[in-house]
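Peer 1: Sequence:
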Amino acid sequence: MFNCHAHPGLYTQNALICSAKLKEISTLSSFPYRSLGSLPGDDTDLTIIEKWAENERFIGEVGVDKRFPNKEDQFSVLNNILSIAEEHRNIVTFHQVGWTDEFLTTIFSYNLKGFIVHGFTGSYETYKIISEHGGLVSLSPRAEKTKFFSSLKERGIIYPFLTETDTETGEEEERMLKEWNTKLSLVFDRDIEKEVEETFFNYISYC
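Numbering (the numbering used here), first residue to last: 1 to 207.
Think of the hints as simulated: they come from the structure by calculation, not from any bench. Every residue, glycine too, gets a C-beta built ideally from N, C-alpha and C. Take these hints with a grain of salt, some might be off.
What the hints assert, rightly or not - The calculated lysine-lysine pairs, modelled on PhoX-like cross-linking and capped at a C-alpha distance of 25 Å, are: (1) 21 to 71; (2) 113 to 153; (3) 178 to 147.
What the hints assert, rightly or not - The following label-pair restraints were derived from C-beta to C-beta distances: (4) 109 to 48: 17 to 27 Å; (5) 72 to 170: 15 to 25 Å; (6) 158 to 206: 10 to 20 Å; (7) 191 to 88: 31 to 41 Å; (8) 142 to 68: 30 to 40 Å; (9) 43 to 83: 14 to 24 Å; (10) 56 to 125: 12 to 22 Å; (11) 194 to 41: 34 to 44 Å; (12) 160 to 109: 37 to 47 Å; (13) 48 to 106: 20 to 30 Å; (14) 25 to 170: 32 to 42 Å; (15) 207 to 83: 15 to 25 Å; (16) 171 to 111: 34 to 44 Å; (17) 106 to 69: 17 to 27 Å.
The task is simple: from the sequences and hints, build the whole structure.
Peer 2: Below you can see the structure in the form of structure tokens.
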């Protein structure tokens with residue numbers, strides 16, 4: 001069982017640990033799958049992100065969020081981070097709330113090695129577009145109450161997806177992920193836990 005988006009907590013080899021706070025950089029070193037980024041509302045030091053990108057495989061989470069002001073500044077920072085990721089061939093985990101068309105246009109303008117849109121709750125059409133451009137979406141339990149999830153049930157899954165908890169690692173995180181994967185397996189009549197793990201590791205191997 002692999003958690004495709006969690007935050008630093010108890011040690012685990014079974015999660016991609018994503019920190020959106022640059023001050024947490026020292027907590028990441030023990031995790032084998034680790035990612036560092038910065039989100040709107042936090043101070044973003046691009047020199048720290050670039051140094052990280054030079055030596056690590058993953059960047060994130062990074063992105064845009066309409067709940068915060070200064071849209072132009074958010075996209076400016078995102079463009080700078082995407083330039084870093086393109087140069088160093090990092091796989092990027094994105095946080096995105098709102099401004100979907102501009103967000104997609106921006107990230108598709110870079111030659112990214114790979115990317116994941118985590119906590120995805122967008123439309124079925126956006127899911128298809130992301131997949132067709134070589135990206136993956138990751139679903140947390142919050143996705144269950146969205147129109148997107150209803151669309152998946154009605155139309156069927158046409159592309160792979162990942163699962164996550166978006167919580168700190170530990171016993172509760174493991175329980176949540178197990179329950180979420182089990183629920184999805186019942187809904188879609190397939191072994192989602194196994195499928196997600198295979199999808200993630202095949203993806204990063206290919207990237």
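Peer 1: Does each hint hold? Answer for all of them.
Peer 2: The hints, checked one at a time:
1. About 20 Å separates the Cα atoms of residue 21 and residue 71, which keeps this hinted pair within 25 Å; it holds.
2. Distance restraint check for residue 113 and residue 153: the Cα-Cα separation of roughly 30 Å exceeds the 25 Å cut-off, and the hinted pair is therefore not satisfied.
3. Restraint check: the Cα-Cα separation between residue 178 and residue 147 comes to about 23 Å, which is no more than 25 Å; the hinted pair holds.
4. The hinted range of 17 to 27 Å is satisfied by residue 109 and residue 48, whose Cβ atoms lie roughly 24 Å apart.
5. The hint said 15 to 25 Å for the Cβ distance between residue 72 and residue 170, and at roughly 38 Å that hint is violated.
6. Here the CB-CB span from residue 158 to residue 206 is close to 19 Å, well matched to the stated 10 to 20 Å.
7. Residue 191 and residue 88 have their C-beta atoms about 35 Å apart, which keeps the hinted 31 to 41 Å range intact.
8. Between residue 142 and residue 68 the CB atoms are about 19 Å apart, so this pair departs from the stated range of 30 to 40 Å.
9. A hinted range of 14 to 24 Å holds for the C-beta pair residue 43 and residue 83, which are about 19 Å apart.
10. Evaluation of the 12 to 22 Å hint for residue 56 and residue 125 yields a failure: the beta carbon distance comes to about 33 Å.
11. For residue 194 paired with residue 41, a C-beta distance near 37 Å keeps the hint of 34 to 44 Å intact.
12. Against the hinted window of 37 to 47 Å, the Cβ-Cβ separation of residue 160 and residue 109 comes to about 24 Å, which falls outside the hint.
13. Look at residue 48 against residue 106: about 22 Å separates their beta carbons, and that is inside 20 to 30 Å.
14. In this structure the hint that residue 25 and residue 170 lie 32 to 42 Å apart at CB is violated, the actual value being about 20 Å.
15. Taking 15 to 25 Å as the suggested C-beta distance range, the pair residue 207 and residue 83 conforms, at roughly 18 Å.
16. Distance hint for residue 171 and residue 111: a CB-CB separation of about 40 Å, consistent with the stated range 34 to 44 Å.
17. Here the CB-CB span from residue 106 to residue 69 is close to 18 Å, well matched to the stated 17 to 27 Å.
Hint compliance for this structure: hints 2, 5, 8, 10, 12, 14 are broken, all remaining hints hold.
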